[in-house]
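Peer 1: In the order they appear, the protein sequences are chains A and B. If you use this note's numbering, the first sequence corresponds to residues 1 to 109, in order. If you use this note's numbering, the second sequence corresponds to residues 1 to 114, in order.
Read the hints as simulated data drawn from the structure, not as lab findings. Glycine residues also receive a C-beta, built at the ideal position from the N, C-alpha and C atoms. There may be inaccurate statements among the hints.
[Claimed, not checked] Looking from chain B toward chain A, a few residues come up when the C-beta cut is under 7 Å (computed): (1) Ile26; (2) Pro39; (3) Gly42; (4) Phe45; (5) Asn56; (6) Phe105; (7) Gly108; (8) Leu111; (9) Thr112.
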Amino acid sequence: GEDVEQSLFLSVREGDSSVINCTYTDSSSTYLYWYKQEPGAGLQLLTYIFSNMDMKQDQRLTVLLNKKDKHLSLRIADTQTGDSAIYFCAETGTYKYIFGTGTRLKVLA
Amino acid sequence: KAGVTQTPRYLIKTRGQQVTLSCSPISGHRSVSWYQQTPGQGLQFLFEYFSETQRNKGNFPGRFSGRQFSNSRSEMNVSTLELGDSALYLCASSWGRTYNTEAFFGQGTRLTVV
Chain A
1 GEDVEQSLFL
11 SVREGDSSVI
21 NCTYTDSSST
31 YLYWYKQEPG
41 AGLQLLTYIF
51 SNMDMKQDQR
61 LTVLLNKKDK
71 HLSLRIADTQ
81 TGDSAIYFCA
91 ETGTYKYIFG
101 TGTRLKVLA
Chain B
1 KAGVTQTPRY
11 LIKTRGQQVT
21 LSCSPISGHR
31 SVSWYQQTPG
41 QGLQFLFEYF
51 SETQRNKGNF
61 PGRFSGRQFS
71 NSRSEMNVST
81 LELGDSALYL
91 CASSWGRTYN
101 TEAFFGQGTR
111 LTVV
């Protein structure tokens, strides 16, 4: 099937780390992406990982990929109130992106 | 480098009307994809164009159509609007001869059908 699964909500305190999880379906996806959507806005590409990598770090963002379990995670270090948004993981299907349901991250001051 | 531009940002239409949305991709990008985002269905793929040709289409009725011009700008059209067409319509552009390339999204057009 095409279901990319994410938990719906995550709440963290400012300064803590956030970990957003995603389970994808297509083991042939070459890239896996994380997008951020703020209220009323489009999707902002945050980072991506090539499928032959296990980890990618980009400033406060760390992406971990477990190909065996088809599990992808996004860790945000030192989470700030400006990180409050919906986060989508996406895999590249045969000809389109397949998006997860989105995780709403709420950062408490 | 300018990003993906979608116009208009907001639209209110009446059931039965038709609507045209526009997307200007990042300069040099030749692939434009359209997605519909609703609270219930999430992000659903509509169609994708590359060099003026529709390469792929999602599972939407024929009321949804699109086209791409020689300058890579794309339009999508929805005819005979229904209440359920109310959604955020997102356009994504990529360099994209293959599908495994980064896609950059516009701000979206929020369509409300009343």
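Peer 1: Given B/Gly42 was flagged as interface, is its beta-carbon under 7 Å from a beta-carbon of chain A?
Peer 2: For B/Gly42, the interface hint holds, since the closest Cβ of chain A sits about 5 Å away, which is under 7 Å.
Peer 1: Quick check on the hint: B/Phe45 CB to chain A CB, less than 7 Å?
Peer 2: holds, 4 Å
Peer 1: Measuring from the C-beta of B/Pro39 to each C-beta in chain A, is the shortest one below 7 Å?
Peer 2: Where the cut-off is 7 Å and the nearest Cβ of chain A is about 10 Å from B/Pro39, the hint is violated.
Peer 1: Identify whether the interface hint at B/Gly108 stands, where standing means a beta carbon of chain A within less than 7 Å of its own.
Peer 2: OK, holds: B/Gly108 within 7 Å of chain A, min 5 Å.
Peer 1: For the restraint on B/Thr112, tell me whether the closest CB of chain A is nearer than 7 Å.
Peer 2: violated, 13 Å
Peer 1: Take the shortest C-beta to C-beta distance between B/Ile26 and chain A; is it under 7 Å?
Peer 2: violated, 12 Å
Peer 1: Let me know if the C-beta of B/Phe105 comes in closer than 7 Å to any C-beta of chain A, holds or violated.
Peer 2: Hint holds; B/Phe105 Cβ to chain A Cβ min 4 Å, cut 7 Å.
Peer 1: Holds or violated: B/Leu111 as interface residue toward chain A, Cβ cutoff 7 Å?
Peer 2: It is violated, given that the least Cβ distance between B/Leu111 and chain A is near 14 Å, above 7 Å.
Peer 1: Taking the closest Cβ pair, is B/Asn56 under 7 Å from chain A?
Peer 2: holds, 4 Å
Of the hints listed earlier, those the structure fails to meet are numbers 1, 2, 8 and 9, in rising order.
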